[in-house]
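Engineer: Letter by letter, the chains look like this.
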Amino acid sequence: MTALMHTWFMTVRHLRALMRQPWWIAISLVQPITYLLLYGQVFSRIVELPGFHAPNYVTYVTPGIVIMMALFGGGWNGMGIIAEIDRGVMDRFLVAPVSRAAIIAGRLVQMSIITVVQAAMMLGLGWVLGARFEGGFTGLAVLMLCAVLVALPFGALSNAMALVIRRQESVIGASNFILLPMTFLSPVFMAPALMPRWVQRVSLVNPVAWSVETARSALSAHADWRLIGTRLVWLAALGLASAWLAARAFRSYQKSI
Amino acid sequence: MKELAIEARDLVKTYPGNVRALDELSFAVAGGTIFGLLGPNGAGKSTTVKVLNTLTRPDSGVARVGGLDVIRQPDAVRHAIGSVAQRSGVDVNASGRENLTLQGRFHGLGGAELKTRVASLLDRFLLTPAADREARTYSGGMQRKLDVAMGLMHRPRVLFLDEPTTGLDPEARSDLWKEITRLAHDDGITVLLTTHYLEEADRLAHRLAIVDRGRVVAEGTPDALKGELSGDAVQIELSETPGDSAVAALLSSVRTVHDVTVTGSTVRARADHGGSAVPAMITALEAGGARVSSVRVTRPSLDDVYLRHTGRTFNEADQA
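Same order as they appear, the protein sequences are chains Y and F.
Counting in this note's numbering, the first sequence runs from 1 upward without gaps.
Counting in this note's numbering, the second sequence runs from 1 upward without gaps.
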């Protein structure tokens, strides 16, 4: 109960800070918008290959870019916690009776809200560029859920890493080293059937792939609800495991100060 | 002696690289008093505070705050204490009012009670005009006041102030000194203050411990610590003198004075309590035909005390 209340207080704190600099959301959309415009144009004829099952490439790639954007949003989330450690805010919370879990959870809830807002904006842009989804409102809701569920575990891990390493450079390095390969080892840009064998195999254990496939299935005319259900459960389980790790990371942090 | 508010016994804390930050450090603080931990940078003051306020755990040793064990009951300790770290803990992206309100919520305050408490602290620390501005626009002194106000939000019994005036300008520093004195005198809060300013420890602390290399090397009231030295230096200038040996003979009748040296018109001596020795010295000198033109008594400073207990002057140690 306390943990839930504290999570809410923390979420409000982060959202308030965000409302004071709303342009930050726009800046964070520059990269996904660039991908959507450039990939959407350069690879527009790729859908003529068999395996894409999409009326045009923008329709195919928009959900992928939404997931990629959520993944990066999560991966970078630990930067904020390092800033709070450097500013002494973290230590003030730790010497007050603040729920440790809420310190992480508050950040993740705020991140989830931002992810949904960003996803809506990207979908709007995709629609303008010609993306059309037959899955309707339910499909869009599942896409949002997938985006949040891929952002959560990587957000939690990024926070855990930030607490243990406590250097922005390390978080930047690790994020770049992990996130971009994970994006390309999944069907974000390319139909699974057209990917090399080994990439297909890797993508079986890649949460980014789980999330993109789930979203695409829900957005298509013939949603595979069994696939959607199982993948969502896997993603949620991964999220819980990561959150547990992040909460443990406080011990390592407090031992080192 | 009142009930002990803070008790640290044989605290040991080692950091990676075999840095022994605390080396069997012990001290005790009576309730409602201001206790100073004085020492140069790196002496172990901040580490001591971090152990006592539950931020970190000692390798060994026992510590109690308000009767609560900091290792076994950290959460209860956190409810009982306020803590102001050396670095500001203000969230600069939030306003002063928001910072205080959030702190209050974590301590279980809410509703009208929370609002009144926030308003009264803003008033007390003269922050009301800036209450709804983002804290990033505050001066260093204002941020520090907000830090202290946040530490007091839930009316703690024990308040930790780690180097509270470091980096403040003289005016802000003297404001904060007044406020700290008020905390102990009017509110009955026990204050543990760390500082590397000798003057600050001397002015504020009822008792203090001098910390060097993770150990307490001396403990007592500032006056008692200084009183351990062989006494005050007294320097008397004479406008008329009956001669060096005559002057020395005159002063030998004053029993509290020793180490008298006379060179022409200048008399130097040491006295256990300079202030009370001076009238007797003047009477003796004037009765013997000397005329006193000026007197100067210098108290031994904490710097002298530090030198005596560590073999280094404070400034040397601080810059090491």
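Please keep in mind that the hints were generated in silico from the structure rather than gathered at the bench.
Among these hints, one or two may not hold up.
Stated by the list, open to error - Take a look, some chain Y residues computed to stay more than 12 Å from chain F by CB distance:
| id | residue |
| --- | --- |
| 1 | M10 |
| 2 | R13 |
| 3 | L18 |
| 4 | L37 |
| 5 | D86 |
| 6 | G88 |
| 7 | F93 |
| 8 | V95 |
| 9 | I114 |
| 10 | F184 |
| 11 | L185 |
| 12 | L204 |
| 13 | L238 |
Stated by the list, open to error - Simulated coverage check for chain Y against chain F, where a stretch passes if three residues somewhere in it have a Cβ under 8 Å from a Cβ of chain F:
| id | region |
| --- | --- |
| 14 | 165-172 |
| 15 | 251-257 |
Every residue, glycine too, gets a C-beta built ideally from N, C-alpha and C.
Engineer: State for each hint whether it applies.
Structural biologist: Hints versus structure:
no. : hint    : verdict
1   : M10     : violated, 9 Å
2   : R13     : violated, 6 Å
3   : L18     : violated, 9 Å
4   : L37     : holds, 32 Å
5   : D86     : violated, 9 Å
6   : G88     : violated, 4 Å
7   : F93     : violated, 8 Å
8   : V95     : violated, 4 Å
9   : I114    : holds, 15 Å
10  : F184    : holds, 35 Å
11  : L185    : holds, 36 Å
12  : L204    : holds, 40 Å
13  : L238    : holds, 30 Å
14  : 165-172 : violated (count 0)
15  : 251-257 : holds (count 4)
Hints 1, 2, 3, 5, 6, 7, 8, 14 from the earlier list are contradicted by this structure; the remaining hints agree with it.
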